[in-house]
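Protein chains: 2
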Amino acid sequence: MSINTVLTELSSFLGDRLSRSKSELEQHGGSETHFAPAPPDAVVWPETTQEVSRILSLCNSHAIPVIGFGAGTSLEGHTSAPHGGICIDTRRMNALKSADPGDMIAVVGPGLTREELNRELRHLGLFFPVDPGANASLGGMAATRASGTTTVRYGSMRDNVLGLSVVLADGRVIKTGSRAAKSASGYDLTALFLGSEGTLGIITELTLRLHGIPEVTSAGICPFPDMTAAVTAVQLVIQMGIPVARIEFVDADTARAFNAYAGTDMPEKPHLLVEFQGSPAAVAEASQAFGEIVQDFGAGPFQHATKTEDRNALWKIRHHAFYAICALRPNARAMVTDICVPISQLAHAVEETRAEIAGSGLLGPILGHVGDGNFHAILLIDPAAPEEMTRAKSLARSMSERALSLGGTITGEHGIGMGKLGLMHAEHGQAWPLMGDIKTALDPKGILNPGKLVPQE
Amino acid sequence: MSINTVLTELSSFLGDRLSRSKSELEQHGGSETHFAPAPPDAVVWPETTQEVSRILSLCNSHAIPVIGFGAGTSLEGHTSAPHGGICIDTRRMNALKSADPGDMIAVVGPGLTREELNRELRHLGLFFPVDPGANASLGGMAATRASGTTTVRYGSMRDNVLGLSVVLADGRVIKTGSRAAKSASGYDLTALFLGSEGTLGIITELTLRLHGIPEVTSAGICPFPDMTAAVTAVQLVIQMGIPVARIEFVDADTARAFNAYAGTDMPEKPHLLVEFQGSPAAVAEASQAFGEIVQDFGAGPFQHATKTEDRNALWKIRHHAFYAICALRPNARAMVTDICVPISQLAHAVEETRAEIAGSGLLGPILGHVGDGNFHAILLIDPAAPEEMTRAKSLARSMSERALSLGGTITGEHGIGMGKLGLMHAEHGQAWPLMGDIKTALDPKGILNPGKLVPQE
Chain F
4 MSINTVLTEL SSFLGDRLSR SKSELEQHGG SETHFAPAPP DAVVWPETTQ
54 EVSRILSLCN SHAIPVIGFG AGTSLEGHTS APHGGICIDT RRMNALKSAD
104 PGDMIAVVGP GLTREELNRE LRHLGLFFPV DPGANASLGG MAATRASGTT
154 TVRYGSMRDN VLGLSVVLAD GRVIKTGSRA AKSASGYDLT ALFLGSEGTL
204 GIITELTLRL HGIPEVTSAG ICPFPDMTAA VTAVQLVIQM GIPVARIEFV
254 DADTARAFNA YAGTDMPEKP HLLVEFQGSP AAVAEASQAF GEIVQDFGAG
304 PFQHATKTED RNALWKIRHH AFYAICALRP NARAMVTDIC VPISQLAHAV
354 EETRAEIAGS GLLGPILGHV GDGNFHAILL IDPAAPEEMT RAKSLARSMS
404 ERALSLGGTI TGEHGIGMGK LGLMHAEHGQ AWPLMGDIKT ALDPKGILNP
454 GKLVPQE
Chain C
4 MSINTVLTEL SSFLGDRLSR SKSELEQHGG SETHFAPAPP DAVVWPETTQ
54 EVSRILSLCN SHAIPVIGFG AGTSLEGHTS APHGGICIDT RRMNALKSAD
104 PGDMIAVVGP GLTREELNRE LRHLGLFFPV DPGANASLGG MAATRASGTT
154 TVRYGSMRDN VLGLSVVLAD GRVIKTGSRA AKSASGYDLT ALFLGSEGTL
204 GIITELTLRL HGIPEVTSAG ICPFPDMTAA VTAVQLVIQM GIPVARIEFV
254 DADTARAFNA YAGTDMPEKP HLLVEFQGSP AAVAEASQAF GEIVQDFGAG
304 PFQHATKTED RNALWKIRHH AFYAICALRP NARAMVTDIC VPISQLAHAV
354 EETRAEIAGS GLLGPILGHV GDGNFHAILL IDPAAPEEMT RAKSLARSMS
404 ERALSLGGTI TGEHGIGMGK LGLMHAEHGQ AWPLMGDIKT ALDPKGILNP
454 GKLVPQE
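Each protein sequence line maps, in turn, to chains F and C.
Taking this note's numbering, the leading residue of the first sequence gets 4, the next gets one more, and so forth.
Taking this note's numbering, the leading residue of the second sequence gets 4, the next gets one more, and so forth.
Rather than coming from a laboratory, the hints here were simulated on the basis of the structure.
Some hints here could point you the wrong way.
[Claimed, not checked] If we take Cβ atoms under 8 Å as the criterion, some of the chain C residues that face chain F in the derived model are:
#1 Glu29
#2 Arg156
#3 Ser159
#4 Arg161
#5 Ser181
#6 Leu192
#7 Gly376
#8 Met421
#9 Leu424
#10 Met427
#11 Gly432
#12 Gln433
#13 Ala434
#14 Ile441
From the three backbone atoms N, C-alpha and C, an ideal C-beta is built for every residue, glycine too.
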């Protein structure tokens with residue numbers, strides 16, 4: 004069998020950095036959400052681009068699947084191995100290779116997590132802004148074009164990755180991008196690999212754009228009389244160009260979940276959480292403008308703070324929201340939906356979603372990065388009741404279809420993986436098979452993360 | 004002959020929107036710079052995506068080249084037709100189809116120019132920021148991933164195009180992107196087509212991100228004692244994060260050229276031109292911070308103004324720089340170089356370039372969008388002296404090689420076309436043939452803008 008040949012050869016140069024232990028296979032083929040486990044045949048921990056190249060070259064000659072793995076925080080089954088194969092865990096490629104304050108650039112290995120990076124950057128007065136919530140690996144964030152709470156101000160991975168080293172299916176190594184702020188030099192291969200979910204190559208190095216830690220950061224939280232008021236206020240804040248660094252929404256169910264989880268007594272109402280960054284004058288100006296808008300919506304009190312501990316206290320509900328919501332229904336599995344709509348359609352989309360979830364009888368609090376028009380419902384499902392999964396899938400599909408009908412997208416930040424394959428044609432039409440053509444050109448044997456993103460044969 | 008069959012069939016539905024007149028062929032196959040003319044067999048002016056689809060489908064079946072054409076302002080021979088074929092002039096596809104203040108989005112045809120768009124947007128208080136200098140078509144700007152004076156603040160076409168309609172080589176029509184602010188839905192095809200220079204498809208519609216016209220705009224100009232001082236000041240402004248909307252450099256030769264051209268008496272020294280945008284407080288803060296930095300470099304006086312006419316008067320040298328420089332040597336042809344380096348390497352790169360041009364005996368003033376690390380030397384060549392062209396090419400090559408050795412790119416904004424094909428391997432190595440693989444997957448017969456960007460067989 005080919006797989007045995009490959010395993011023997013891999014062992015010869017990886018030694019104990021190859022594992023077939025049941026627990027490793029299960030952990031790497033599992034998922035934080037509702038996907039059935041699909042373990043690989045082996046997990047490997049390469050340490051260099053050259054080792055990754057050797058692994059891919061070998062797997063390609065034997066047509067063995069290869070799945071990239073970062074921190075395993077994906078929500079759409081990206082790292083499962085439905086066709087078996089070799090899981091490349093990038094955890095040992097986690098060096099901060101350089102951090103250059105003059106150019107505000109860091110070069111990192113793909114296994115470094117964003118929190119690790121930011122800890123190492125702090126003494127330079129710099130930080131990497133993309134914050135998807137989870138402490139994801141930077142390689143994984145690049146592979147899924149991650150975004151999150153700060154995207155409204157700093158953009159997503161698309162805006163903060165200057166270049167990549169990538170190992171192609173056949174083991175060839177390429178470099179994309181440069182250290183310059185921009186370039187018009189040929190196809191934007193960096194952008195092509197960002198969001199390709201391990202189907203076009205394995206990222207082995209990233210050149211990242213850093214930002215200066217702002218002089219002042221002010222965070223605030225504000226309850227609203229109802230959801231429409233909160234979300235309409237967000238539309239206005241964005242349309243008026245008030246420079247928020249973060250603007251997050253949590254609904255009344257999330258507030259209730261948090262009270263039960265943390266023993267607090269927050270008003271069980273929808274809330275907006277905001278953050279402003281910049282010079283003292285800029286922060287004061289933005290904060291005041293925000294305060295005036297929310298007052299017009301009968302919201303308040305708007306509490307805000309600038310000290311780190313006080314800010315963290317105010318934002319605690321956001322940091323713990325996922326686990327607080329899951330605790331609403333012990334032993335339930337979560338299906339996390341993820342749509343993004345044009346800002347003018349946000350209130351409409353959130354309201355219709357709310358009504359549809361209420362009608363379904365499922366628990367599904369709503370929260371999100373509303374400044375981008377991006378929000379999630381966290382649907383809680385009894386794993387012993389397959390009928391609930393059917394209802395949840397139908398809700399998720401309906402949310403995606405609504406997003407498309409409003410000019411939006413089926414995924415703001417979680418990606419396609421296996422979870423949204425069935426919606427790709429609806430969003431992309433003829434452009435989806437074109438993605439398949441590109442995939443075939445770069446990976447003719449289809450070894451890279453099979454079963455994900457592109458049309459399946 | 005295939006071409007005659009194609010011409011007959013095209014005429015049947017395009018009528019007088021197909022021309023084979025010598026002047027049209029020459030105009031469309033010419034160039035603003037030093038490239039030899041290479042006219043197409045015919046020029047066509049389609050009016051709809053469907054017509055473009057029909058043209059491509061027909062040309063593809065007969066393997067006839069197709070070259071996209073916008074405003075003809077490209078500087079690297081992008082629109083020449085070295086293999087003949089059909090030039091698709093998008094001038095008649097110049098509608099502003101919609102402008103939506105709620106989402107700050109415009110949908111436009113590819114033939115609309117950026118100045119036309121901004122004229123139509125003004126009454127909404129919105130504008131499209133990308134400004135490459137020339138009044139280029141938006142389709143051409145997308146196809147070349149254009150940037151320019153405002154990129155330091157607003158980004159390039161990469162950051163301001165949300166989606167595209169594209170006709171593929173075989174006539175299939177696809178849509179990329181959406182109206183949402185972000186998406187993680189599959190390969191970033193929008194980014195792939197941006198900068199593909201007409202080699203992967205013909206853009207027939209663009210969804211653009213608009214911005215609010217800022218409350219206050221303040222522009223200024225400041226002479227510096229020498230070039231090193233000016234460029235080092237730029238590095239500091241960027242590294243300190245002072246929010247400039249534009250920061251442009253012109254050297255002493257450009258000031259001299261402008262005095263001769265416009266009859267002014269500017270100090271014949273290097274200058275920085277800056278613009279600040281935002282609230283009155285933000286603009287005052289940024290302008291003061293800038294003033295303090297330049298003072299440390301012995302620069303000044305720093306003149307600035309907020310009224311439109313006064314601003315335009317201060318910035319006149321920038322708007323007329325290209326023609327003023329060309330007038331330094333009547334009847335010369337211009338070769339416009341274009342490199343982009345990491346900001347920390349800017350002073351070094353500009354100084355070495357200056358010295359090398361001085362040593363060559365050619366006239367070549369330097370100017371650029373220095374906030375991005377991007378600058379140009381405009382080399383003036385006597386067309387009757389082929390030896391001068393040889394020297395200019397050698398200078399241009401040396402500039403590009405220096406940019407690469409400093410971690411930069413061979414083109415910040417002008418693209419590859421035919422002019423920089425010979426440098427692509429040096430910048431991209433193995434990634435260049437990969438671009439060729441993508442090209443072949445999307446355009447198997449190679450009909451789209453042959454002779455440009457990808458490796459030539």
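So, going through the hints one by one against the coordinates:
{"no.": "1", "hint": "Glu29", "result": "27 Å, violated"}
{"no.": "2", "hint": "Arg156", "result": "12 Å, violated"}
{"no.": "3", "hint": "Ser159", "result": "5 Å, holds"}
{"no.": "4", "hint": "Arg161", "result": "7 Å, holds"}
{"no.": "5", "hint": "Ser181", "result": "5 Å, holds"}
{"no.": "6", "hint": "Leu192", "result": "6 Å, holds"}
{"no.": "7", "hint": "Gly376", "result": "6 Å, holds"}
{"no.": "8", "hint": "Met421", "result": "13 Å, violated"}
{"no.": "9", "hint": "Leu424", "result": "10 Å, violated"}
{"no.": "10", "hint": "Met427", "result": "6 Å, holds"}
{"no.": "11", "hint": "Gly432", "result": "7 Å, holds"}
{"no.": "12", "hint": "Gln433", "result": "5 Å, holds"}
{"no.": "13", "hint": "Ala434", "result": "4 Å, holds"}
{"no.": "14", "hint": "Ile441", "result": "6 Å, holds"}
Of the numbered hints stated above, those contradicted by the structure are hints 1, 2, 8 and 9, listed in ascending order.
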